[in-house]
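One-letter residues, chain by chain:
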Amino acid sequence: MNRYVFESRSENDTERLGRSIAEVVTPGATIALVGPLGAGKTRLARSICESLGVDPAAIASPTFILIHEYEGSMPIYHFDFYRLRSPSDLDALGADEYFASGEGLCLVEWADRARERLPDAAWTITIEPDPDVENARVFRIDIPPEDSRFELPARS
Amino acid sequence: MKPAEALHATVPHAAVPRATNQDVKRFLILSLETTCDETAAAVLEGPRFPATGVPKALSSVVASQFNLHERFGGVVPEIAAREHVLRILPVVDEALRRAEVELKDLGAIAVAVRPGLVGALIVGLTAAKALALALDVPLVAIDHLEGHLYAAQMAYPETSVYPSIGLVVSGGHTSLFHCRGPIDVEPLGGTIDDAAGEAFDKVASMLGLGHPGGPAVEKAAATGNPRAYSYPRAFLHEDRLDFSFSGLKTAVLYTLKGQDARSRENVELSPGLVADIAASFQAAVCDILVAKALRALRKTGESRLIVGGGVAANRSLTNQLKNMAKNENIQLFIPPPAYCTDNAAMGGIAFAKPAAGETADLEIDVVAGLVRGRGEKTGGKRGEREPGRARISGS
Numbered sequence: 021m022n023r024y025v026f027e028s029r030s031e032n033d034t035e036r037l038g039r040s041i042a043e044v045v046t047p048g049a050t051i052a053l054v055g056p057l058g059a060g061k062t063r064l065a066r067s068i069c070e071s072l073g074v075d076p077a078a079i080a081s082p083t084f085i086l087i088h089e090y091e092g093s094m095p096i097y098h099f100d101f102y103r104l105r106s107p108s109d110l111d112a113l114g115a116d117e118y119f120a121s122g123e124g125l126c127l128v129e130w131a132d133r134a135r136e137r138l139p140d141a142a143w144t145i146t147i148e149p150d151p152d153v154e155n156a157r158v159f160r161i162d163i164p165p166e167d168s169r170f171e172l173p174a175r176s
Numbered sequence: 427m428k429p430a431e432a433l434h435a436t437v438p439h440a441a442v443p444r445a446t447n448q449d450v451k452r453f454l455i456l457s458l459e460t461t462c463d464e465t466a467a468a469v470l471e472g473p474r475f476p477a478t479g480v481p482k483a484l485s486s487v488v489a490s491q492f493n494l495h496e497r498f499g500g501v502v503p504e505i506a507a508r509e510h511v512l513r514i515l516p517v518v519d520e521a522l523r524r525a526e527v528e529l530k531d532l533g534a535i536a537v538a539v540r541p542g543l544v545g546a547l548i549v550g551l552t553a554a555k556a557l558a559l560a561l562d563v564p565l566v567a568i569d570h571l572e573g574h575l576y577a578a579q580m581a582y583p584e585t586s587v588y589p590s591i592g593l594v595v596s597g598g599h600t601s602l603f604h605c606r607g608p609i610d611v612e613p614l615g616g617t618i619d620d621a622a623g624e625a626f627d628k629v630a631s632m633l634g635l636g637h638p639g640g641p642a643v644e645k646a647a648a649t650g651n652p653r654a655y656s657y658p659r660a661f662l663h664e665d666r667l668d669f670s671f672s673g674l675k676t677a678v679l680y681t682l683k684g685q686d687a688r689s690r691e692n693v694e695l696s697p698g699l700v701a702d703i704a705a706s707f708q709a710a711v712c713d714i715l716v717a718k719a720l721r722a723l724r725k726t727g728e729s730r731l732i733v734g735g736g737v738a739a740n741r742s743l744t745n746q747l748k749n750m751a752k753n754e755n756i757q758l759f760i761p762p763p764a765y766c767t768d769n770a771a772m773g774g775i776a777f778a779k780p781a782a783g784e785t786a787d788l789e790i791d792v793v794a795g796l797v798r799g800r801g802e803k804t805g806g807k808r809g810e811r812e813p814g815r816a817r818i819s820g821s
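These protein sequence lines are chains F and A, in that order.
Going by the working numbering, the first sequence wraps up at 176, each residue one higher than the last.
Going by the working numbering, the second sequence wraps up at 821, each residue one higher than the last.
Derived from the structure by calculation, the hints contain no laboratory data.
Careful: at least some of the hints might be erroneous.
[Unchecked claim] Label pairs and their in silico Cβ distance ranges:
#1 Arg135(F) - Ser586(A): 41 to 47 Å
#2 Arg135(F) - Ser729(A): 33 to 39 Å
#3 Asp162(F) - Ser586(A): 41 to 47 Å
#4 Tyr582(A) - Val158(F): 51 to 57 Å
#5 Gly684(A) - Glu166(F): 39 to 45 Å
Here a beta-carbon is modelled for each residue, glycine too, at the ideal position from N, C-alpha and C.
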């Protein structure tokens, strides 16, 4: 995995990161979003989705129903594993089919709750709030070497 | 008294005239609800189409609220569809038993087909289709959110709660609607990230409080200072009727981290600090909900507000809503808690559907996605199709 580190100081920075990711992802990609409550996982997912042309009004946290589907320039499957008790709960959701279909982009919040069920080629974005600076957060982005097109955005 | 029993107790058997096959005026509907965690069934008695009127719940059974553990030996997990499969038939049996009716007495089957968790919705719909087919009675597909709002009508049967603004605020939903009638409901706005109840649950988790999060935060907040922390109130002064609670959640996170900036872990929290954070968080949520409901009332010129969903059981919210209603001369309708949380009695809205010529055919599918502001849908995997509609026949 290649690791990129992006320090965001504002929502604008997070949006830039979302745009940079949206520019290089292709249908079939899976992105794991990992971080504590309030870290900004849904916020980054929203930025990626909006950059891919999804109607902003359609995007919300999927915690309740575990998955939302959006229509953008490619289909987007927005998962949330927060409520999973065990990875086997994913069987009822048919998650493997979504990951394997290759048709769209899978964004997976709380992916660490069922990491072994994600494809090997999944990106992992770990978000850590900076305890010293309000609204500052560090994004650690781990990308398989074959996905070489990604570039970190400039910070505002 | 458990909520389901309380609900049931409001309709004493002796006081309710029994309907039978021969009774042409009264009509019995079995209503099923499996949109999320709860498996619920209710027997509802109301006027036979084309007469209209507010039905009564003869029984309302919610699986998690009565003791299924003896029957199944163990704790029931929340989200797996297989649990609905296990629970649906005992819950239906219990609803029929408590209503003292038999399957052959039923005139229609109602089921919530959207929005919700796909696997969970399918269990309810499949059971409903099987019953409708076997009993040769109409199937009525209902919208869970319209049902939550109709619960207010069931709670106030003497008054029309429509036209009105509807606020559904629960673990999965935070939405405003313009309700011209029970099934003439237009979405005005909704959350762009977390639902209010979800924010309560997650903040409860951050504060180390128990489950369910809503009552836990409310309890902790009781002794706290709601002005201890100035948490963000997203979109409060904007015209839009959308909600956002993620910034609020993040602000709570920073309060916790800020207690010890060197630590990556949350420090041990004193009860006083937890109380202040809980009270400040709850105040922010309530301010947002009340302000947006008022904005929707003013925008539409409506003078009635109906509230549904589990968060409507929060006393801080209901007190603030009552104050607002009093000051603004608004008629406020909030059902009792057992009608606010997920239940099948709110399927009483099904009585409004045949009257409007709407029953479902047996080919309908579930719709997982939320119907969101400005009419867009976030489709579920099975969400491409609208619930099918056909003219009612044979009644």
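Hint-by-hint comparison with the structure:
no.: 1; hint: Arg135(F) - Ser586(A): 41 to 47 Å; in the structure: violated (53 Å)
no.: 2; hint: Arg135(F) - Ser729(A): 33 to 39 Å; in the structure: violated (53 Å)
no.: 3; hint: Asp162(F) - Ser586(A): 41 to 47 Å; in the structure: violated (58 Å)
no.: 4; hint: Tyr582(A) - Val158(F): 51 to 57 Å; in the structure: holds (52 Å)
no.: 5; hint: Gly684(A) - Glu166(F): 39 to 45 Å; in the structure: holds (41 Å)
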